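Enquirer: Here is what each chain is made of, one letter per residue.
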Amino acid sequence: MSIQIKPDEVSAILLKELQAADNTGDIQETGTVLQVGDGICRAYGLSKVMAGELVSFPDHPGLNGLVLNLESDNVGIALMGATDKIKEGDTVLRTGRIASVKVGEATNGRVLDALGNPIDGGGPIDSDLELPIEVKAPGILDRQDVCEPLYTGIKSIDAMFPIGKGQRELIIGDRKTGKTSIAVDTIINQKGKGVNCIYVGIGQKASTIAALVEKLKEFGAMEYTTIIAANASDPASMQFLAPYTGVTIGEYYRDNGKHSLLVYDDLSKQAQAYRQLSLLLRRPPGREAFPGDVFYLHSRLLERAAKMSEEKGGGSLTALPIIETQAGDISAYIPTNVISISDGQIFLETNLFNSGIRPAVNVGLSVSRVGGEAQIRATKQVAGRLKLTLGQYREMAAFSQFASDLDEATRKQLAMGERLTEILKQKELNPYPISHTIFIIFAGVNGFLDDIEMASIGKFELEFIEWVESKYPEISATTDKEEQISPETDKALKNALEEFKKIFVA
Amino acid sequence: MKNPALANRYAQTLLKFDTKGKSFENSKVLSDILQKKEISVLLKNPRISPEDKINAIIKALPYLNEHFKTFLNLIAKKKRLGILEDIVKAYIELYENKKGIKRGTLTSAIPLTDEQKNKIKQKFKNKTGMEYYFEEVLEPEIIGGLKIQIDDTAYDWTLKSQLNSLHKRFSSRAG
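Chains A and B supply the protein sequences, listed in that same order. Residues 1 to 506, numbered by the working numbering, are exactly what the first sequence covers, in order. Residues 1 to 175, numbered by the working numbering, are exactly what the second sequence covers, in order.
Do not take every clue at face value.
Derived CB-CB ranges, DEER-like [as the list claims (entries may be wrong)]:
1) ARG175(A) with ILE48(B): 23 to 33 Å
2) LEU429(A) with ALA5(B): 57 to 67 Å
3) SER207(A) with ILE48(B): 31 to 41 Å
4) GLY121(A) with GLU141(B): 25 to 35 Å
5) GLU130(A) with LYS79(B): 48 to 58 Å
Just some of the chain A residues that point at chain B, by a computed CB distance under 10 Å [to be verified]:
6) ALA20
7) ILE27
8) GLY31
9) TYR44
10) SER47
11) MET50
12) ASN69
13) GLU71
14) PRO124
What the hints contain is simulated information worked out from the structure, not anything from laboratory work. Bear in mind that the values here come from a model prediction, so they are computed numbers and not experimental data. Note that CB positions come from ideal geometry on N, CA and C, so glycine has one too.
So that you can see chain B by itself, here it is in the shape it has in the complex (with noise of 0.2 Å):
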C-alpha cells in the first residue's frame, strides 16, 4: 500500500455511507476486476482522462449500483484512481472486520488437508471468536511446521525459524 492513511479514508466513508452493504459485493467484482493486467494499465495510463476511466469501468460493470458509481466517480474526480486498489482492499477488509471475518496467510511446507486447516482456524476463532480465512502459501525452504501472519502479528512456528534460533544460541557461545 502506497499511503495507507489515505485508502483508509476513503474506505471508512464508503463504509459508513453503505447502510445496506451492497458496496462490498460490488467491491469484491471490482477487486478481481482489478488485480487483470489490461485495467492496472488502463488505469496508470497518463493520457486518458480519470473521466474516461471510470467510464470505461462502469460500462464494463453495468451491474454496479448506484451509490457505487457515484463513489467511482468522486474519486476519479479526486484524482485518486491510482489508489483505487488500496481502496478496494481496505474497505473489502474492514467491512469483513466488522462481520467478524478476518484474513490472513498461512504458510505451510506441504499442502495441508481439509483437516488441519479447519483445527487451525477453530483455534483462532476460539481464541477471538472471529471467522478466519487464509490466502495457503506453499514454501517448501520453511522445511516444516507453519507460518500465519494475520494482520501485523506472525506466528511463526516453522522448523527453519528453529534451526536458526538454534544456530543463533550455539554460535554465540562459540566466542
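Okay, chain A solo, but in the shape it has when bound (with noise of 0.2 Å):
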C-alpha cells in the first residue's frame, strides 16, 4: 500500500510546526563538574536547584542524573547513565523538574527502563499524560478500608491469608523459595478480572526479565502488565528509582477508579542500591550500613498503595513488595523494617519447598492483617477449620514423633491434617477460581479425603473438580453469586462428593 503525500500539505504541517515552536531563547542554570566517580557526581553552582530534581549534560545527549545531596558549595549528583564520558569541568544544566514518567492504558503490554522509556523496541509510549514519580500518598479522607478481595488463585494464599484490593501484603523469603512464582501466578490470575498489573524488576538479570515477558505472553497476561526493569547491570540509581516509576504508573489506574496490582521484586536489592547512593555521596550510615532514610525510602513507596474511597472513584492500588532474606532470618533490618510497613507477610521457607510443599508457605509465620475483611463468606466458612486443624495437625505432628501407638482420635486427625497440607500444593502456573478453592478445602475439612490415599488426593481433587464442573456447574455457579456456601450448597457439595467418590478410581 502506498501513501500519497501532498507536497503542499507538507509544507503547511513544517509550517505550523515552525510557527508554534518556541524560539525565544532560554535562561538555564548551570553548573560545572567537579568531580566524577562510581556513578556519583559532584557539581559547583546550580545555586537554586532543588533536591530530586533532574539535571542534564549537553555534552552528553541523552544522560541525566538525579540531584540527590544539596551541600553548602556543591551538589551531588546520582547519574543516570553511561559515566565513563563525564569529565571534569564539564556543563551541567537544571531542567526544572522532578523525574516523570508517562502513565496511561497505553503502558500495557510494554518493557520500560526506571525512567518510563521503553525499551522493548516497540516505539515511544503513546500517552499525554506524564507525572512526577515522587508524590505523597493519599491522605485518610481519600481512602477507604480494603473490602473487596484480590484473588491470587493460590489455594492456601486465597484461602488462609487473603489479599485485599489495596492491602500491601509483603512476599518474604530465601533466595529460590519461589517468591517470584507467588507473584507471576498472581498477576497471570488477573486475566479478564480488570486488574492492571506492574511488575517492577530491581537488580535482576536481563534474561530472568526476558524470560517472565515470554511466560507472561504465554498465558495472555502480557496485555493488562507493564514491566519496568532495572536490571543488575543498570545504575544504581536506576535500581533505586524504579519502584517509584512503577508505582506511579499503578496510581493513574487507582486514582481513576481502576485497579492495579504492584509487584516490586525485589524491594532488598533497592534498599542495597540505596545503600550504595548513599555511601558513595558520604551521607552517615547506620544499621548494616544502611543509611538513616531506609525506612522512609520503603514506607512512603507502600504507603501509595491505596483502596480509595467512593467519593474518589473507589480505585485501588495493590502491593505486593518482595524481600529477600539472608538463611531465613526475617529479623534483619530491611526485613523487619518492610514486615511493620506491610499489612501482613507471606512467610517461604527453603525446608518446606525442598520437602515438597510447594508453595513453600510457612503457615505459622505468614499472617494478613486486613485481607480477612475482603474475605467473601464461603472461604471464611471453610477457611476458619482449615486453619484451626492445621494447626492442631503441626503441634499433634510434633509430639506424635515420640509415641510409637496412637489412639484413634489422633491418628485421624493426624491423617486430615496430611491430606490438608497435601491439597494445599499446587502447581506453578496453575491459577485456581475461588470457588475451586472452597470445593477441594470444603472436601478436606469434612473429612471427605480421610479415607483416600495420600498418593492419589492430587488426582482426586484435579478430576473431582472437573467432575463437578461439568455435572453440577451450578454448585460452582451459585457460590460465585451468593459468595456463601448456604444450606443447600453445603448439601449439594457434599452428596457430589459422595457421589464421585463411588466412582474414583485411584
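Join the two chains, each given in its own frame, into one complex according to the hints.
Expert: Printed below as a string of C-alpha cells:
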C-alpha cells in the first residue's frame, strides 16, 4: 500500500510546526562538574537546584542525573546512565522538573526502564499524560478500608492469608523459595478481572526479565501488564528509582477508579542500591550500613498503595513487595522494616520447598492483617476450620514423633492434617478460581479425603473439580453468586462428593 | 575550582580585613602572574618548601603591601598554596561584587561592534543595576545569536540551540 504525499500539505504542516515552536531562547542555570566516579558526580554552581530535580548534561545528550545532596558549596548528583564520558569541567544544566513518567493504558504490554523509557523496541509510549514519580500518598479522607478481595489463584493464600484490593502483602523468603512465582501466578490470575498489573524488577538478570515477558505473553497476561526493569547492569540510581516509576504508573489506575496490582521484585535490592548511593554521597551509615532514611524509602513507597473512597472513584492499588532474606533471618534490618510497614506477610521457607510443599508457605509465620475483611463468606466458612485443623495437626505431628502407638482420634487428626497439607500444594502457573479452592478445602475439612490414599489426593482433587464442573455447574455458579455456602449448597456439595467418591478410582 | 568552599573562605577573610581595598590591586597583579606557566610549575613543585615559594613570589613582586604579604605567608603556612590561584580569583570576584561589578562571558559567532556590546551591557545594567564586563569568546559553531554566561546562569539565544530544539520537536513527533 502506498501513501500519497501531497507536497503543499507537508509544507503547511512544517510551517505550522515552525510557527508553534518557541524561539525566544532560554535562560538556564548551569553548574560545572567537579568530580565524577562510581556513578556519582559532584557539581559546583546550580545554586537554585532543588533536591530530587533532574539535571542534564548538554555535552552528553540523553544522560540525566538526579540531585540527591545539596551541600553548601556543591551538589551531589546520581548519574542515570553511562558515566565514563563525563569529565571534570563539563557543564550541568538544571531542567526545573523532577523525574516523571508517562502513564495510561498505553503502558500495558510494554517493558520500560526505570525512567519510563520503552526498552522493548516497540516505539514511544502513546500517552499525553506524564506524572511526577515522587508524590505524597493519599490522605486519610481519600481512603477506605480494604473491602474487595484480590485473588492470587493460589489455594493456600486465598484461603488462609487473603489479600484485599489496596493491601500491601509482603512476600518474604530466602532465595529459591518461589517468591517470584507467587507474584507471577497472581498476575496471571488477574486475567479478565480488570486489574492492571505492574511488575517492577530490580537488580535482576536481563535474561530473567526476558523469560518473564515470554511467560506472561504465553498466558495472555502481557495485555494488562507493564514491566519496569532496572537490571543488575543498570546504575544503582536506576535501581533505586524503578519502584517509584512503577507505583506512579499504578497510581494512574488507582486515581481513575480502576484497579492495579504492583509487584516489587525485590525491595532488598532496592535498599542495597540506595545504600550504595548514600555511602558514595558520604551520608552517614547506620545499621547494616544502610542510611538513616532507608525506612522512609520503603514507607513512602508502600503508603501509595491504597483503596480509594467511593467519592474518589473507589480505585485501588495493591502492592506485593518482595524481600529476600539471608538464611531465613526475618529479623534483619530491611525485613523487619518492611514487615512493619506492610499489612501482612507470606513467609516462604527453604525446608518446606525442598520437602515438596509448594508454594512453601509457612502457615505459622504468615499473616494477612486486613485481607480477612475482604474475604467472601464462603471462604471464611471453610478456611476458619482449615487454619485450626492445620494448627492442631502441626502440634500433634511434633508430639507423635515420640509416641509409638496412637489412639484412634489422634491418628484421624494426623491423617486429616496430612491431607489438608497435601491439597494446599499447587503447581506453578496453575491458578485456581476461588470456587474451586473452596470446593477442595470443603472436601478436606469435612473429612471426605480421610479414606483416600495420600498418593491419590492430587488426582482426586483434579478429577473431582473437572467432574463437578461438568455435572453440577450450578454449584460453583451459586457459590460465586451468593458468595457463601448456603445450607443448600452445603448439601449439594456433600452429595456430589459422595457420588464422586463412588466412581473415583485411585 | 577544586575546592570552592575553601577558596571562598580565605577570600572572605582577606576581604573582611582589607578595609582600604589595597589588596584588590595586589590581587590583580598576582592573578596575572599566576597565569604564567613558570609560576604554576614553581608552585606545584613538591621539592620546594612553601616558605621558599612564597619568598620567591614576594621577591618578584616587591610592590605588594605588607598586609598582603602577611596573607600570602599565612596561606603558605597553612599549606594552601595549591589553591592560591582559586583564592585570588574568588577574592577578585567578591571584591567586584561588592563594588557592583559583574563579570561573565559573551559568546558570539562573529566579532561584535562596541556599540552592540554597550547595548548588551546596558540591558543587563538596567535589570540589576550592576556594571557588567564580558570576556568575549568567538565560537562560529553557534552559527548566530548570543550566549551569555553570568555566574551560574546561562542566557542562550544562539541559533544552534534553537535549531537543536526544533530538531527535538520534530523528531519527538516522528514516533
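Enquirer: Indicate, hint by hint, whether the structure satisfies it.
Expert: Against the structure, the hints come out as follows:
no., hint, in the structure
1, ARG175(A) with ILE48(B): 23 to 33 Å, "59 Å, violated"
2, LEU429(A) with ALA5(B): 57 to 67 Å, "58 Å, holds"
3, SER207(A) with ILE48(B): 31 to 41 Å, "59 Å, violated"
4, GLY121(A) with GLU141(B): 25 to 35 Å, "34 Å, holds"
5, GLU130(A) with LYS79(B): 48 to 58 Å, "52 Å, holds"
6, ALA20, "8 Å, holds"
7, ILE27, "5 Å, holds"
8, GLY31, "6 Å, holds"
9, TYR44, "5 Å, holds"
10, SER47, "6 Å, holds"
11, MET50, "14 Å, violated"
12, ASN69, "14 Å, violated"
13, GLU71, "9 Å, holds"
14, PRO124, "4 Å, holds"
Hint compliance for this structure: hints 1, 3, 11, 12 are not met, and every other hint is.
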